[in-house]
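Engineer: The residues making up each chain are set out below.
4 protein chains.
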Amino acid sequence: MSKEINLNDQFPKVPVWDLMGIKVVEMGEGTATLTMPVEEKMTNPYGMLHGSGVYALADSAVAVAISTVSEKGKQFFTIEMKVNYLEPVTTGIVEARAKVLRKGRIVPGEVDVYNENKLVAKAIATYIIVDEKR
Amino acid sequence: MSKEINLNDQFPKVPVWDLMGIKVVEMGEGTATLTMPVEEKMTNPYGMLHGSGVYALADSAVAVAISTVSEKGKQFFTIEMKVNYLEPVTTGIVEARAKVLRKGRIVPGEVDVYNENKLVAKAIATYIIVDEKR
Amino acid sequence: MSKEINLNDQFPKVPVWDLMGIKVVEMGEGTATLTMPVEEKMTNPYGMLHGSGVYALADSAVAVAISTVSEKGKQFFTIEMKVNYLEPVTTGIVEARAKVLRKGRIVPGEVDVYNENKLVAKAIATYIIVDEKR
Amino acid sequence: MSKEINLNDQFPKVPVWDLMGIKVVEMGEGTATLTMPVEEKMTNPYGMLHGSGVYALADSAVAVAISTVSEKGKQFFTIEMKVNYLEPVTTGIVEARAKVLRKGRIVPGEVDVYNENKLVAKAIATYIIVDEKR
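Protein chains in written order, with the numbering used here: chain A, 1 to 134; chain B, 1 to 134; chain C, 1 to 134; chain D, 1 to 134.
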């Protein structure tokens, strides 16, 4: 896809991203695109990417999208998230494209997840934005 | 908690369980309890367990609960899942208690996730049961 | 079931309750039970109660449950709600039993919906509590 | 908006549509747009359209969108639906634009709900398609 963006300023080390190979490849005004390779360690007994992999990527994509429209020094927490799985994923790169649906303290975002140019999952997440020291 | 159950017959190797340390500790008629340790590799930038860890455990708990009421030789796929996060999790063991809400081809299940005896997340998932060779 | 509770103090006129026949029959600490008759006007083309009827009852049940643990002079808004439909409903009384899952400014609640002593739907809703004049 | 489409062939009398004033104004390949007026009878105690009104419109929009890609003689049932509320609705016309996300026996759809040209809600629903006599 496109090349990885260095987010060291906004996003310090994210252990779960390192574990799963999640990378930010695009950021816009209220949008973000993140990618993740399908690796054997994240598969289910049927050799497919486990739902939690899709979930981790989609959730992270919303967080990054929110970071583009939030003040510095805020923390974002997922209140809730829902994913619909449309197609199994077995190989290649998974790409999540997130979009902020509403700005404010409570921020919902939607995510489309693609694999090999096919829509494989759709998610909606709701975040709450809080001050860093709470 | 209780000791791990050997599920080799019903659940072959599950790579994502090995990665995250997910274990089945109890199974009943349409119910299952699974545990997972909070490990640094699954944390977010704030030092909390990432939502995808809670998700992986909860989703797996529903799958195991469904296995207790399904015929042999079936495969289970998550159609959709929604998680509400109630409290952050930073340490110890996370435990998910799942219950099948309705038997059939379309099987919804609910999950309560606990950490240190506190309810930290609540989820609903919908599975579809299909024949092994489809 | 039990007799209707007069909520004039806490719940002023609620037009949608009048339209659908929704009544509060029980309130506890963080819990509430509401009922609704299945009426022809709220049915779908198959003669079943439309999902929006179950939804209205379940959403209202969470609101009433929240009212039992909130300060006076607050307003409650649904941020999001998800319903899983387990069985069709065609006749009789529908009863929703709601429970607050976490107190605070962001309040998630769960609801079990019964018809003829059978679980027919399960829902999770997230509310935000705000001051009356915002 | 645009003029109402006559759906008597595909959609027989739908009582809940009559009650709420729901009308189909556009249908495409896997898409549909439905409208509903904000009427006092469907409001909450704050004078806003109750969530169940938005829900009824959004759910119906997905059903109509599915009808455009389904064989005749099938019935559609909502397995589950989730709505995120972005803005309160107090007046005018509400419009729901639904799109089928995947064809098959299990059909997820997404819906954007607008009021006065503003996105006020976003929903995802999952339907199951069954034969008429089951």
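These are computed hints drawn from the structure, not numbers from a lab. Incorrect hints may have been included.
You can't tell identical chains apart in this list, so a pair holds if it fits in one copy or across any two.
Said to hold, decoys possible - Here are the computed lysine to any residue pairs in the SDA-like style, where the Cα-Cα straight-line distance is at most 25 Å: (1) LYS13 / VAL25; (2) LYS99 / PHE77; (3) LYS74 / PRO15; (4) LYS99 / ILE128; (5) LYS41 / GLU29; (6) LYS41 / ASN117; (7) LYS23 / LYS41; (8) LYS103 / PRO15; (9) LYS41 / ARG105; (10) LYS23 / ILE93; (11) LYS41 / GLY92.
From a predicted model like this one, the values you see are computed outputs, not experimental measurements.
Engineer: Hints first: check each against the structure and report whether it holds.
Structural biologist: Status of each hint after checking the structure:
Taking the shortest Cα distances, LYS13 and VAL25 sit within 25 Å of each other inside one copy (16 Å), while across copies they are farther apart (33 Å). In this assembly of identical chains, the alpha carbons of LYS99 and PHE77 lie at most 25 Å apart whether taken from the same copy (16 Å) or from different copies (23 Å). Taking the shortest Cα distances, LYS74 and PRO15 sit within 25 Å of each other inside one copy (19 Å), while across copies they are farther apart (35 Å). Taking the shortest Cα distances, LYS99 and ILE128 sit within 25 Å of each other both inside one copy (15 Å) and across copies (22 Å).
In this assembly of identical chains, LYS41 and GLU29 lie within 25 Å of each other by CA distance neither inside one copy nor across copies; the values are 34 Å within and 30 Å between. In this homomeric assembly, LYS41 and ASN117 come within 25 Å of each other (Cα to Cα) only inside a single copy, at 23 Å, whereas the closest approach across copies is 30 Å. Taking the closest pair of Cα atoms, LYS23 and LYS41 come within 25 Å of each other both inside a single copy (17 Å) and across two copies (16 Å). Neither within a single protomer nor between protomers do LYS103 and PRO15 lie at most 25 Å apart by alpha-carbon distance, with minima of 27 Å and 30 Å respectively.
For the identical chains of this complex, LYS41 and ARG105 are neighbours neither inside a copy (36 Å) nor across copies (29 Å), given an alpha-carbon limit of 25 Å. In this homomeric assembly, LYS23 and ILE93 come within 25 Å of each other (Cα to Cα) only inside a single copy, at 11 Å, whereas the closest approach across copies is 28 Å. Within a single copy, LYS41 and GLY92 get their C-alpha atoms as close as 14 Å, and across copies as close as 23 Å, so both meet the 25 Å cut-off.
In the structure shown, a violation is registered for the earlier hints numbered 5, 8 and 9, in ascending order.
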